[in-house]
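Line by line, the protein sequences are chains A and B. Numbers in the numbering used here are just positions in the first sequence, counted from 1, shifted up by 746. Numbers in the numbering used here are just positions in the second sequence, counted from 1, shifted up by 196.
Please note that the accuracy of each hint is not assured.
Said to hold, decoys possible - Below, computed lysine-lysine pairings styled on DSS-like, alpha-carbon distance capped at 30 angstroms:
1) K377/B to K763/A
2) K1032/A to K458/B
3) K763/A to K342/B
4) K762/A to K377/B
5) K763/A to K387/B
6) K1060/A to K1025/A
7) K1060/A to K213/B
8) K763/A to K449/B
9) K213/B to K1065/A
10) K387/B to K762/A
11) K1025/A to K387/B
12) K377/B to K387/B
13) K213/B to K762/A
14) K213/B to K1025/A
15) K1032/A to K457/B
16) K1032/A to K377/B
17) K1060/A to K377/B
Hint data in this document are derived by calculation from the structure and do not stem from the laboratory.
What follows is each chain in one-letter form.
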Amino acid sequence: MAEVLILVEHADGEVKKVTGELLTLAARVGEPSAVFVGDGFDTARATLAAHGAVKVYVADDPELSAYLVAPVAELLSALVTEVSPAAVLLASSAAGKEIAARLAVKSGSGVLTDATDLSADSGTVTAEQQVFGGSTVVRSAVTRGTPVVTVRPNSVAAVQATGAAERVEVSVELTATATAARITDRVVEDRAERPELSEAAIVVSGGRGVGSGENFTVIEALADALGAAVGASRAATDAGWYPHQHQVGQTGKTVSPQLYVAAGISGAIQHRAGMQTSKTIVAINKDPDAPIFELVDFGVVGDLHQVVPALTEKVRARKGGP
Amino acid sequence: MNIVVCVKQVPDTWSEKRLDPEDSTLDREATDPVMNEMDEYAVEEALRLQETHGGEVTILCMGPDSATQTVRKALSMGGDRAVHVVDDALHGSDAVATSLVLARAIETIDAVDLVLLGSESSDARMSVVPAMLAERLGRAQLTFAKEVTVDGPTVTIKRLTDDGYQVVEGTTPAVVSVVEKINEPRYPSFKGIMSAKKKPVQTYAVADLGIDPGEVGLSGAWTSVESFELAPPRESGRVVTDDGNGADRLAEKLVEFLASKKFV
Ligand SMILES: Cc1cc2nc3c(=O)[nH]c(=O)nc-3n(C[C@H](O)[C@H](O)[C@H](O)COP(=O)(O)OP(=O)(O)OC[C@H]3O[C@@H](n4cnc5c(N)ncnc54)[C@H](O)[C@@H]3O)c2cc1C
Ligand SMILES: Nc1ncnc2c1ncn2[C@@H]1O[C@H](COP(=O)(O)O)[C@@H](O)[C@H]1O
């Protein structure tokens, strides 16, 4: 059976949830092999094994992480030549898509982004994508080269499987092109210790209606009661009320949680682009004509400053917490 | 400093987009075309860089005849000249082919120091063309920039990331894509609109760029749509309004709904 390469998303070996999802999808197509770039393989190994990774190609040369995306594309391209995988799967993060883009050009392969499902039928890999804000479901195939597919986090449930996660050392001689964009600094601005936005099962978002940065504590309190991540509209991030990394929408994150709660958000098309495929949508807005109500499963017309704290109380009470 | 800005014409963000049942490509007839919003930020950034560093700004667009509208809009914001690649053979091109056409078109322009793009098109939503272009041109990829500074041959950006930003540095010629945090695009002035009509627009067919028409368009695409269907429309939900009992009652109804879905 041909191998399927998946690129591990991790922070110093802490494996992101999407990696398990990629391994699960890979197993449908062939034998899952993980590609691990950077430090922390020992930390990551158990998780990769528990999702069925048979081999793990480990590239821990710090040079690979010193430049923007191109080195990883060169590494994957070399692996594609070496092992002729049935497909290469990456997460649909900004970097994941860009690595996929460069790999596609390098290896003469077609690329599909933002897949929400994957199937293999007599050797052909077919990806499902939801386009135009979820209004159309498309099934596409790669017709040339090795299918390179990026998968939207939270689209499928990761299943447990047993793999050996055997370490295979790999390295690559970087070209001048790969080292053209050097990362000289990394600045972390995020403050919250909550679930990560793109991976959370529940997201509570606040918009201009929240009114100020201080008032975001109301949103955070509900999020904590529900065990949710906090999101924000562009109006809220632009005003500096919440860090940009929490922006949901066209230029922010695309989220697809089980439950999305929008408080004080009008539902502009650019915001919808990032949350429209959420399974259940709830909105609290004082304007009954706000476009967000076109999307909701349950909507409340009312003042969020009163409704949200009251809701937080009731959620806590039902959960039996403090 | 000479700058090329890539602009794409897309269906208006609010219009309903659909695929053509005949060939599974975007039905462009069905929608009002506009310049991809994010590309307006790229045009604006190019004009601001030109104000400090001088040089020429060339607008580059690959798209059907009707995309002339988008080319003119960019020129009326302030570009100096434009290159428009228009050819029926391009219909149905995928991202890999688009990046090939843009790369070849850029190579026809003299002494390019910077290629600016939006970080995402609102119809394809792939965010791959800038990276592909950097790969093809063998230039530094400086993408998702919320800030760009040019100092001699050094180009530095702040790249948005999941938890903050990265400072990324390269040398000209470089490929830069921008996010909407970077600036506030100007509106074309009346004078700008009038003078845009006189600015030179060079059109190319794909063969003029040394590309075999079979390499692009639907037939040359490396991906294909096998089938598509409309997703079942969302069932319209329940909306409750204050019945006089205030927020507490509303919150009670909401928590009951959440409980019915097992979220609490
Ligand atoms: C290129 C581009 C990219 C963009 N990308 C994004 C993106 O990624 N994400 C994004 O979100 N936006 C994005 N936008 C911006 C988008 O167009 C909207 O401007 C933005 O989403 C509006 O945010 P909002 O809903 O919070 O604010 P508004 O549209 O101002 O809505 C505020 C809502 O709060 C309600 N409200 C006010 N007070 C209360 C109260 N006390 N209780 C309850 N409700 C209240 C109001 O009725 C109103 O409906 C983008 C725009 C452009 C041009
Ligand atoms: N046909 C095109 N003509 C000119 N520029 C384009 C075209 N397609 C994509 N681009 C540029 O590439 C960016 C990213 O597009 P995409 O990868 O499709 O999301 C856009 O914001 C444009 O700047």
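Given the hint that K763/A pairs with K449/B, does the C-alpha gap stay at or below 30 angstroms?
33 angstroms, violated
Holds or violated: K1060/A and K213/B, Cα atoms, limit 30 angstroms.
Between K1060/A and K213/B the Cα gap is close to 41 angstroms, so the pair fails against 30 angstroms, i.e. violated.
Taking 30 angstroms as the top limit, are the C-alpha atoms of K377/B and K387/B close enough?
Given pair K377/B, K387/B holds - Cα atoms ~27 angstroms apart, limit 30 angstroms.
Against the 30 angstroms threshold, does the CA-CA distance of K377/B and K763/A hold or violate the hint?
29 angstroms, holds
Between K1032/A and K457/B, does the CA-CA distance stay at or below 30 angstroms?
Given pair K1032/A, K457/B holds - Cα atoms ~24 angstroms apart, limit 30 angstroms.
Check the hint pairing K1025/A with K387/B against an upper bound of 30 angstroms on the C-alpha distance.
49 angstroms, violated
Straight-line alpha-carbon gap K762/A to K377/B, limit 30 angstroms:
Distance ~27 angstroms between K762/A and K377/B Cα, so the pair holds.
Could you grab the alpha-carbon distance between K387/B and K762/A and see if it respects the 30 angstroms cut-off?
With Cα atoms ~53 angstroms apart, K387/B and K762/A exceed 30 angstroms; violated.
Is K763/A close enough to K387/B, meaning Cα to Cα at most 30 angstroms?
54 angstroms, violated
Pairwise hint evaluation, K762/A against K213/B, where the allowed Cα distance is 30 angstroms at most:
33 angstroms, violated
Measure nothing beyond the straight line between the CA atoms of K763/A and K342/B; if it is 30 angstroms or shorter, mark the hint as holding.
Between K763/A and K342/B the Cα gap is close to 28 angstroms, so the pair holds against 30 angstroms.
Do the alpha carbons of K1060/A and K1025/A lie within 30 angstroms of each other, as the hint requires?
22 angstroms, holds
In this structure, the earlier hints numbered 5, 7, 8, 9, 10, 11, 13, 17 are contradicted, and the remaining ones agree with it.
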